[in-house]
Amino acid sequence: SFSIISIVFWVLISCFPSLHSALLSLDSIVPQNVNDDWLENTTNSGTHLYIVYVAAELVSGIYRNPGPFYEPGLFASFLSIALIFNIARMQNKLLTRQNIVMLCALITTFSSAGYIQLILILLYYVLSQESRLWKILLIMSLPFLIISIPYAILLILVTWFIPKHKCIGLRKFCYHRST
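Taking our numbering, the leading residue of the sequence shown gets 144, the next gets one more, and so forth.
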């Protein structure tokens, strides 16, 4: 149910940007479900609406789906664990209605950790299948995975260690990290 609710909020906020600011203004009306110490020490400036968290900042103009958590990556991890248990409970069936909803919610988090977890879940799923088609597809996609994972790790490491407001190479590839 968290997945469905978060997808509905994500679609509405993505389609109607004015709804995003309206939900953020509920901060003063709706009692926040956090303690005072967290409010004083946090750098998060969103609004917690009990069943969904509305993040204040957009990443590259895109609203990331945080679900009920203050961090979309945390929601992606929650969904990954739920997906693993649901696949096991459904006798190794991936494309059930519940799993598709969870997959959609996981994709809308735009979380790199969530995507890595999803790749690992899909890798396990494919390897556990008895069908040759799945294994052939896995073998065909392995070169892409082998090439893309080191580049993704390198990108994360490089962007993490770039000093604030420094550029690499061409001006359009500048990376501005806020602290």
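Possibly wrong hints are sitting among the right ones.
To be verified - Label-pair restraints from in silico Cβ distances:
no.	residue 1	residue 2	range
1	SER168	LEU266	41 to 47 angstroms
2	PHE228	GLN272	17 to 23 angstroms
3	GLN272	ALA199	41 to 47 angstroms
4	SER274	PRO160	42 to 48 angstroms
5	THR239	PHE287	23 to 29 angstroms
6	ILE148	LEU263	25 to 31 angstroms
Stated by the list, open to error - Okay, derived cross-link-like pairs now, SDA-like style, lysine to any residue, Cα gap no bigger than 25 angstroms in a straight line:
no.	residue 1	residue 2
7	LYS278	LEU265
8	LYS278	TYR258
9	LYS278	ILE243
10	LYS278	TYR213
11	LYS236	LEU280
Hints were generated in silico from the structure; no laboratory data involved. Even for Gly, the Cβ is constructed at its ideal location relative to N, Cα and C.
Hint-by-hint comparison with the structure:
no.: 1; hint: SER168 / LEU266: 41 to 47 angstroms; result: holds (43 angstroms)
no.: 2; hint: PHE228 / GLN272: 17 to 23 angstroms; result: holds (18 angstroms)
no.: 3; hint: GLN272 / ALA199: 41 to 47 angstroms; result: holds (43 angstroms)
no.: 4; hint: SER274 / PRO160: 42 to 48 angstroms; result: holds (44 angstroms)
no.: 5; hint: THR239 / PHE287: 23 to 29 angstroms; result: holds (27 angstroms)
no.: 6; hint: ILE148 / LEU263: 25 to 31 angstroms; result: holds (26 angstroms)
no.: 7; hint: LYS278 / LEU265; result: holds (12 angstroms)
no.: 8; hint: LYS278 / TYR258; result: holds (21 angstroms)
no.: 9; hint: LYS278 / ILE243; result: holds (21 angstroms)
no.: 10; hint: LYS278 / TYR213; result: violated (38 angstroms)
no.: 11; hint: LYS236 / LEU280; result: holds (17 angstroms)
Hint compliance for this structure: hint 10 alone is broken.
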